[in-house]
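Take these sequences, add in the hints, and give me the full structure.
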Amino acid sequence: MRRFCWPAEAPLAVHLSLLCGALLLPVLLLTAGLTFAYAEARRDALRDLALQHAGSIQRALEQEISSRAMLLQMLAATPLLQDFGSTELQAAAMRAGVLLQGQITVREAEETLVAGWSELNLDSQEELAARRLLAPVLSDLMAPEDSPGGYVLRLTVPVVHDGSLSQVLSLTMSPQVVQRQLAEAGLPKGWVAVVVDSNRRVIARSAASEQLIGRRISEAAQRATAAPAGWWTTRSLTGEEVTLAHVQAAGLGWRVGVMVPTRIAEAPLRRSLAGFGIGAAAMATLALGLAYLFARRIARPVHKAAWAARQLAQGERPPPVDTPVRELSEVGTALTEAARSLEARGRDLVASEARLTRAVGAARMATWEWDCATDTLSGSAGHEALYNVAPGSIASFAGAMQAILPEDRATVRAAAEAAFDPAGSGRYEAQFRVLDPAGGERWLQSQGAVVQRRPDGHPLRVSGVVMDVTQAQHAAERERRLTREVDHRARNILTVVQSVLRMSRGDDTEAFLDSVKGRVDVLARAHTLLSRNRWNGADLHELVKDALVPQSIAASVMLNGPPIALAMTAVQPLAQVLHEVVVNARRHGALSVPGGQASLRWQREGGELVLHWQESGGPPVQGAPRPGFGLRVLENTTRWQLAGTVEMHWERGGLACDLRLPERTMRHRDICPPPPVPAWPLQPPPKAGPPPLPERGQRP
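So that you can map any letter, position 565 of the sequence shown is 565 in full-length UniProt numbering, and since no number is skipped, the others follow by simple counting.
Warning: the hint list may mix true and false statements.
Distance windows between CB atoms, simulated [to be verified]: (1) A183 - A41: 28 to 36 angstroms; (2) E337 - P406: 51 to 59 angstroms; (3) R59 - Y38: 28 to 36 angstroms; (4) A183 - T285: 46 to 54 angstroms; (5) A284 - G230: 37 to 45 angstroms; (6) Y292 - T234: 44 to 52 angstroms.
Lysine to any residue pairs mimicking SDA-like chemistry, simulated, CA-CA at most 20 angstroms apart [said to hold, decoys possible]: (7) K189 - T243; (8) K189 - D44; (9) K189 - A207; (10) K189 - R270.
No wet-lab data here; the hints were simulated from the structure.
Remember, it's a predicted structure, so these values are computed and weren't measured experimentally.
Ideal Cβ placement from N, Cα and C applies to all residues, glycine included.
The following block contains the structure:
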């Protein structure tokens with residue numbers, strides 16, 4: 001069986017119709033009750049009327065039979081009856097029979113046994129009076145032998161002569177006598193009167209009498225009519241359902257019934273019900289029509305208010321809602337005021353969001369929130385841009401982990417597990433790297449806290465921020481590099497000073513001071529150059545000019561090469577190498593004589609930086625001289641600090657030197673891992689005594 005489900009939403013007309021129906025239902029129920037009460041009262045009135053008609057017929061029949069009995073008794077008292085066979089008596093009996101609508105017969109008393117009549121002692125005057133008061137006897141419906149096929153009624157009175165019952169006087173009547181009384185009863189149309197004898201056989205019937213006369217009524221009807229008077233519902237002998245009102249004629253022994261067909265008895269009820277149905281339908285139609293009209297009258301302003309609310313939801317200001325319903329007009333006014341308030345708040349919110357967006361964008365940060373139950377990660381504008389991924393790529397924790405460099409994922413996961421532990425502090429903080437658009441690395445710092453937990457302590461929602469800390473990481477890295485570089489340079493300077501002091505020991509104090517001063521000055525100038533460039537390296541051309549100026553030979557050296565940025569770790573070692581080359585040329589090479597010149601060319605070859613030093617016009621050289629301290633500094637610095645190679649050729653016009661340095665000596669970006677710095681010099685001079693001084697005419 002399909003269950004009826006009331007719709008979740010219904011039009012206003014439906015609700016108003018239901019309201020009208022709810023208000024109309026009690027009226028209809030009351031009207032229906034009154035209608036049924038009226039119909040029941042009509043039934044009772046109809047039954048009473050039927051009983052009245054039955055009683056009226058019963059009294060008319062008794063009066064009719066009594067009048068006939070009275071005439072018979074008068075005839076029985078005439079002296080003519082003493083001569084039983086006289087012509088005069090027969091003529092009188094014939095005239096009386098015509099008058100009484102029957103046939104009068106006189107018989108000897110012995111021939112007829114009348115119930116209730118018997119020989120009485122008539123000696124006393126009282127018994128004689130009682131004899132004279134003997135009541136006539138009316139027979140039931142019978143079929144006499146002399147009238148085959150017909151039915152008659154017989155009224156018999158006693159004839160008393162000389163104090164004894166001598167004869168009986170009988171009046172034989174047709175049931176038409178009773179039929180005429182029924183016809184004269186004046187019953188309403190469709191009603192049927194019926195008279196039955198004591199044997200419950202039909203004597204007369206106001207309708208279909210010829211077919212039903214003499215028929216016995218049913219046993220159920222006999223039981224139902226046992227009471228002196230009453231009514232009941234049954235079916236007539238014709239099979240029609242009827243309401244039967246019956247009374248008993250006590251003086252006759254008959255019963256008179258009036259049958260009212262149910263179709264006639266129920267006609268008022270049907271008419272009432274039809275009227276009620278028509279009235280109810282008319283009232284319902286009127287109610288629904290009025291409900292529809294009022295619903296349209298109310299629905300229009302409701303639709304206006306709904307339209308205004310939708311405009312308000314879309315951020316637009318709705319127009320005033322002018323309706324005939326005061327409450328809806330108040331709703332429209334409230335919506336208009338709410339729109340003004342929302343516009344003001346919206347402007348404030350937009351301005352606040354703009355400020356926040358500008359601040360977050362300027363700080364290179366974004367907000368994020370993770371729904372642990374659904375593993376949904378959402379963020380503010382620019383969240384994915386910080387991770388250098390497409391919008392929508394970071395929609396879950398796994399998506400965020402995918403954007404992080406593999407070597408940092410374990411650190412991030414460990415920080416998340418520690419923060420999300422129910423027994424932990426609930427605070428999350430981690431630093432990790434992602435790829436930047438240029439292919440490098442970008443450092444991000446993410447921190448947040450658990451803002452909502454389940455009853456068991458596990459997190460439900462985590463909120464936080466992520467920011468770009470690449471510059472801070474670079475600054476920290478530069479500080480670390482500066483610290484290492486300062487430490488390295490300090491150790492380097494101390495080592496160089498120590499070596500200079502050891503290898504420059506001799507009687508020539510002026511040469512000793514000049515050598516020490518020159519090598520310390522080149523370290524100081526390189527340090528100054530790095531400091532001026534914020535320890536981000538230096539330009540090779542600038543470094544070369546810085547090495548040539550102190551020796552006052554810049555005009556004698558030709559420079560040729562493209563702009564090349566040197567890494568921070570290569571500046572001071574290369575400055576030392578150039579210093580030793582220039583000092584050697586000024587003291588012993590081409591720059592030590594007038595007219596001597598030198599050239600320095602550099603370029604990139606493959607991934608290497610190649611520098612070529614060429615001297616010309618210098619003093620003649622006979623073979624390769626024994627290398628002194630300066631050339632050993634050049635070789636060791638190039639090999640061990642710059643990880644390069646050096647080739648020196650002693651030509652006729654002077655020294656030709658080729659330096660090949662690896663790619664790491666050139667700077668490609670701000671952060672560059674420093675090369676390993678071995679202890680210098682790797683081949684320290686012998687501890688026993690100072691090194692031998694160069695012979696006169698030899699280069700150090």
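Evaluated hints:
no.: 1; hint: A183 - A41: 28 to 36 angstroms; verdict: 30 angstroms, holds
no.: 2; hint: E337 - P406: 51 to 59 angstroms; verdict: 58 angstroms, holds
no.: 3; hint: R59 - Y38: 28 to 36 angstroms; verdict: 31 angstroms, holds
no.: 4; hint: A183 - T285: 46 to 54 angstroms; verdict: 49 angstroms, holds
no.: 5; hint: A284 - G230: 37 to 45 angstroms; verdict: 42 angstroms, holds
no.: 6; hint: Y292 - T234: 44 to 52 angstroms; verdict: 51 angstroms, holds
no.: 7; hint: K189 - T243; verdict: 15 angstroms, holds
no.: 8; hint: K189 - D44; verdict: 18 angstroms, holds
no.: 9; hint: K189 - A207; verdict: 11 angstroms, holds
no.: 10; hint: K189 - R270; verdict: 18 angstroms, holds
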